[in-house]
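A.B. asks: Protein chains in written order, with this note's numbering: chain A, 7 to 151; chain B, 7 to 151; chain C, 406 to 827; chain D, 406 to 827.
Read the hints as simulated data drawn from the structure, not as lab findings. In this text, all values refer to a predicted model and were calculated from it rather than measured experimentally. Heads up, a few of these hints could be off.
With a straight-line cut-off of 20 Å between C-alpha atoms, the simulated PhoX-like cross-links for lysine-lysine are [unchecked claim]:
(1) K93(B) <-> K22(B)
(2) K22(A) <-> K823(D)
(3) K664(D) <-> K530(D)
(4) K58(A) <-> K126(A)
(5) K105(A) <-> K664(C)
(6) K823(C) <-> K22(B)
(7) K105(B) <-> K58(B)
(8) K93(A) <-> K58(A)
(9) K585(C) <-> K495(C)
(10) K561(D) <-> K585(D)
(11) K105(B) <-> K495(D)
(12) K22(A) <-> K93(A)
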Amino acid sequence: MQLDQLYQEIILDHYKHPKGRGLREPFSAEVHHVNPTCGDEVTLRVQLADDKLIDISYEGHGCSISQASASVLYELLAGAELGDALKAHAAFTELMTGKGQVEPDEEILGDGVAFAGVAKFPARVKCALLSWMALKDAIGQVEDQ
Amino acid sequence: MQLDQLYQEIILDHYKHPKGRGLREPFSAEVHHVNPTCGDEVTLRVQLADDKLIDISYEGHGCSISQASASVLYELLAGAELGDALKAHAAFTELMTGKGQVEPDEEILGDGVAFAGVAKFPARVKCALLSWMALKDAIGQVEDQ
Amino acid sequence: MTMTIPAGMPQYDDMPTFDVDRVRADFPILGREVGGQPLIYLDSANTSQKPQQVIEAMAVHYALHNANVARSVHQLGTEATLAYEGAREKVARFINAPSADEIVFTKNATEAINLVAHSWGSSLKPGDEIVISEMEHHSNIVPWQLLCERTGATLKWFGLTETGRLDESDVDTLINERTKLVSITHTSNVLGTVNATARITDRVREVGALLMLDCSQTIPHKAFDVVDYDADFIVFTGHKMLGPTGIGVLWGRASLLEKMPPFLGGGSMIETVRMTGSTWAAPPARFEAGTPPIAQAVGLGAAIDYLNDIGMDAIAWHEKTLTSYALDALSTVDGVRIYGPKVPVGRGATLSFSVEGVHPHDVGQVLDSLGIQVRVGHHCARPIMDRYSVPALTRASFYLYNTTDEIDALVRGLDQVKRMFS
Amino acid sequence: MTMTIPAGMPQYDDMPTFDVDRVRADFPILGREVGGQPLIYLDSANTSQKPQQVIEAMAVHYALHNANVARSVHQLGTEATLAYEGAREKVARFINAPSADEIVFTKNATEAINLVAHSWGSSLKPGDEIVISEMEHHSNIVPWQLLCERTGATLKWFGLTETGRLDESDVDTLINERTKLVSITHTSNVLGTVNATARITDRVREVGALLMLDCSQTIPHKAFDVVDYDADFIVFTGHKMLGPTGIGVLWGRASLLEKMPPFLGGGSMIETVRMTGSTWAAPPARFEAGTPPIAQAVGLGAAIDYLNDIGMDAIAWHEKTLTSYALDALSTVDGVRIYGPKVPVGRGATLSFSVEGVHPHDVGQVLDSLGIQVRVGHHCARPIMDRYSVPALTRASFYLYNTTDEIDALVRGLDQVKRMFS
Ligand SMILES: Cc1ncc(COP(=O)(O)O)c(C=O)c1O
Ligand SMILES: Cc1ncc(COP(=O)(O)O)c(C=O)c1O
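Please build the complete structure, drawing on both the sequences and the hints.
C.D. replies: What follows is the structure in structure tokens.
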């Protein structure tokens with residue numbers, strides 16, 4: 007397995023210069039997710055109104071993959087329509103769990119396509135998905151309210 | 007392993023015509039022993055006075071080896087001095103746990119020497135020892151009184 | 406003239422078969438001798454033998470892919486984790502579980518039952534009732550006795566009929582509004598009885614209880630579908646199904662497992678651990694504390710592959726043939742009495758019997774001298790012994806590698822037993 | 406001039422040694438490549454690799470001697486039982502246990518600790534105290550948290566010093582008349598610290614409490630004597646000492662085990678089972694419900710033979726050499742900080758460290774691409790992470806088959822890590 011398939015330039019860039027990091031107010035829901043096998047953690051807030059993700063803010067610690075993935079998620083989905091966000095979420099999850107067999111769609115995933123290589127490293131898939139799972143959970147909590 | 011080393015004529019004879027079987031009164035102590043792996047059981051009573059085993063009576067169910075061994079125990083030790091009984095007990099236990107390497111002494115063990123072959127069948131050693139362990143326990147209980 | 410066969414009626418020559426000799430060649434132990442006699446292994450209900458394919462799968466795992474699971478990002482760790490989780494998926498498919506997350510690996514079937522008794526059972530109260538049966542293995546009795554002691558709940562028992570079947574006549578009173586769980590064996594390890602569960606399941610649903618099936622003696626021998634059976638929990642054990650010792654399985658409905666508190670605490674079952682308290686991972690991890698039976702899961706997966714290759718229906722038919730043959734053959738032996746169903750219907754390939762005037766230990770010993778390995782004793786099911794007033798029984802149990810020749814040898818052996826002790 | 410050596414002072418060239426290359430040849434996995442690079446396995450604290458001798462012992466057992474134990478009079482059953490009980494005796498001798506009956510086989514160290522927490526712990530009451538430490542593995546934390554929840558007892562903790570040693574300054578208040586059990590790790594799986602136990606043992610005896618040592622990271626690496634250490638319970642696990650997964654060991658003083666109620670209920674642990682209640686077998690059977698890890702015990706026995714052949718003192722010295730070398734080598738790498746003792750005294754061959762600015766996951770991933778297998782994460786010991794305010798660490802751990810060349814490769818790998826993420 008080539009290491010540079012995993013650590014694409016884009017990923018290292020998001021890791022070193024994360025976008026949208028920090029917890030902001032106001033927010034409709036806050037969730038805290040943990041990867042029990044490695045201890046990576048993320049706290050994530052969404053501000054959701056009129057079916058729009060007005061803001062996504064987050065804080066946490068973890069490896070380059072989990073941090074870059076949160077940054078990409080912010081860049082791609084903060085400000086997005088809920089429907090588009092869920093579509094992107096589904097596409098990203100499919101990409102990650104596709105064992106490297108899924109062709110990513112750059113129009114939907116933006117910089118998220120850089121994570122295609124992560125799918126070939128099963129131990130790292132959970133890192134990439136951590137903030138995305140948190141987002142799904144947070145949206146669900148708002149909808150339950 | 008030769009089967010007739012295990013099933014000596016003497017053993018089969020004691021099995022078919024057990025000596026001293028049945029629970030009798032009076033008695034100084036009664037114990038109940040079980041072989042948990044196979045379910046063999048024996049209830050054994052001793053009547054002990056003036057350091058003499060006046061009577062040993064027993065009841066139970068089990069295989070030919072365990073039944074014959076109880077019968078031999080009765081024949082050999084009912085009426086014996088406690089010291090002689092303990093000596094015979096030690097000799098029989100040594101014989102049984104000696105993996106077939108111990109030469110039995112007929113003077114001490116009487117028909118018990120026929121059990122020498124049992125020591126080569128590890129799964130059956132517990133059968134042969136069941137009533138002997140019960141006897142030891144019963145004597146101990148009398149002494150504790 | 407045309408013969409009309411009722412729709413769905415199975416025709417014997419439609420039945421799947423396999424080449425027993427080729428199967429036997431896969432089991433190295435079957436080439437062995439015991440006391441100068443060829444081995445005749447009739448004790449598969451105790452533990453099955455292992456084909457070379459299973460032995461090798463574990464050896465290769467240790468030799469080339471060994472690592473701890475779910476803890477490492479390294480390559481060996483990834484390989485071991487994929488192998489372990491792959492085995493979980495094989496097990497799930499084998500019993501048609503809706504999701505691999507419903508498969509919990511334990512050390513044996515016994516631990517699986519204790520897990521349910523401790524975790525699910527921890528909320529029981531005095532007045533609650535658990536129902537088991539007189540044909541249970543000790544592993545499906547003692548955990549409930551201990552649970553009732555801990556919680557004050559009451560243990561109730563299905564009785565048995567003279568012919569060795571579950572007495573369902575009092576099902577409606579035995580299972581009632583106080584009943585929280587019915588846990589019965591699907592196939593008896595002594596009588597061979599395969600229990601019909603439909604009436605019990607109906608009643609369990611009526612009163613809102615749960616149903617657990619001890620499938621330790623079923624999964625090795627016939628296709629089983631947890632959805633079809635509408636059970637809530639089932640347990641079984643690797644070593645009786647061509648797999649290794651050291652691994653068992655609890656299957657539970659996801660909706661139940663999710664609500665259950667942990668049983669054993671330790672590594673791998675946590676979400677986070679703090680000095681002030683800890684939180685738990687989702688099932689199945691929540692119930693798999695510590696380093697799991699990794700190589701054993703690999704072995705169990707290989708066993709399932711092997712069974713699937715032969716086909717569970719073919720195995721079931723092979724055993725049915727052996728059972729019919731054995732029931733007939735044993736009925737010709739004077740003084741032999743069979744405990745359990747005497748017809749090859751609603752029963753598995755396990756036959757327990759007494760030989761008049763000879764204690765089972767002695768039966769087993771004489772048979773052993775002829776190379777024939779049967780089990781003798783109470784078979785970890787003492788209440789059955791008490792029910793039929795026998796101290797112990799002799800048991801012959803068959804599996805895919807057994808033949809009718811071996812049953813003939815058993816019958817000849819019993820004649821020798823009788824000669825010796827008459 | 407004559408040099409006077411103080412009596413008892415060890416001389417380095419007296420130290421037993423062994424041929425590492427020959428040892429390496431026994432481990433098939435060490436001939437493997439990972440991603441085109443020779444495998445460098447530095448994760449033995451997670452699980453050890455297995456020599457061919459251990460793999461074969463289990464394969465031969467399955468191929469020729471497989472049967473269930475303690476239940477059969479037949480020849481195969483006798484062979485399997487002798488093999489299983491023989492392994493128990495080997496384990497007993499290995500730790501100098503007074504009797505093989507004090508050895509209980511469990512599925513792993515985690516189950517062994519849970520067994521004590523459930524069985525011995527069932528009589529605890531509010532006000533009673535259990536003392537552990539901040540350097541425990543989750544398996545020696547969570548069972549006590551759960552026990553305290555069940556019984557109302559209180560959990561107390563030894564703290565850690567900055568240098569990664571147990572802070573014994575409050576031993577006399579921490580261990581007091583309310584203390585029922587002190588359970589601490591003998592060797593830390595993260596910091597590498599080997600704890601001195603004398604002061605703790607003294608205090609434990611003074612207040613009449615019990616001492617349990619988690620020896621999971623000790624038994625594989627150096628000779629250990631339960632009598633010498635005057636412990637009441639110790640636990641360890643097969644897979645870290647060249648043995649298979651699926652087996653662990655609880656050693657307990659006979660006088661304690663005899664009084665303890667059963668934990669798991671089922672086959673083999675009973676004296677008799679009746680519908681009205683059951684009675685229990687003597688230890689160790691009382692604590693081994695269900696079919697035990699038979700083949701795994703055989704494998705563990707073979708592992709002990711292998712370790713004994715090389716010699717535990719030789720292994721300990723080999724590891725001491727590696728540790729000294731690694732401590733020196735890592736201290737030359739800019740940005741690397743070691744957590745735990747920085748001197749090769751009172752510590753084992755496990756080194757955890759951080760690399761400035763790089764998350765351990767990324768460290769591990771880059772090293773993996775070079776064939777180097779280290780563990781990254783919280784190492785099932787989160788309180789240590791909290792204590793030293795790190796989210797996770799990278800850990801290299803050595804065993805008898807590791808070499809200084811492999812440590813050099815690690816150091817080179819860390820340079821590559823830093824280049825990639827700077
Ligand atoms: C110190 C310590 N205790 C306990 C354990 C648990 O061992 P196991 O996972 O085999 O139960 C481990 C290893 O993971 C350990 O390092
Ligand atoms: C019906 C039944 N249930 C449970 C068990 C227990 O299986 P294990 O000993 O593998 O836990 C057995 C086998 O011994 C069995 O036959």
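A.B. asks: Hint by hint, say whether it matches the structure.
C.D. replies: The hints, checked one at a time:
1. K93(B) <-> K22(B): violated (27 Å)
2. K22(A) <-> K823(D): holds (14 Å)
3. K664(D) <-> K530(D): holds (18 Å)
4. K58(A) <-> K126(A): violated (33 Å)
5. K105(A) <-> K664(C): Outside the cut-off at roughly 31 Å; violated.
6. K823(C) <-> K22(B): holds (14 Å)
7. K105(B) <-> K58(B): Violated: K105(B) and K58(B) sit about 31 Å apart, past 20 Å.
8. K93(A) <-> K58(A): holds (13 Å)
9. K585(C) <-> K495(C): Outside the cut-off at roughly 31 Å; violated.
10. K561(D) <-> K585(D): holds (11 Å)
11. K105(B) <-> K495(D): holds (19 Å)
12. K22(A) <-> K93(A): violated (27 Å)
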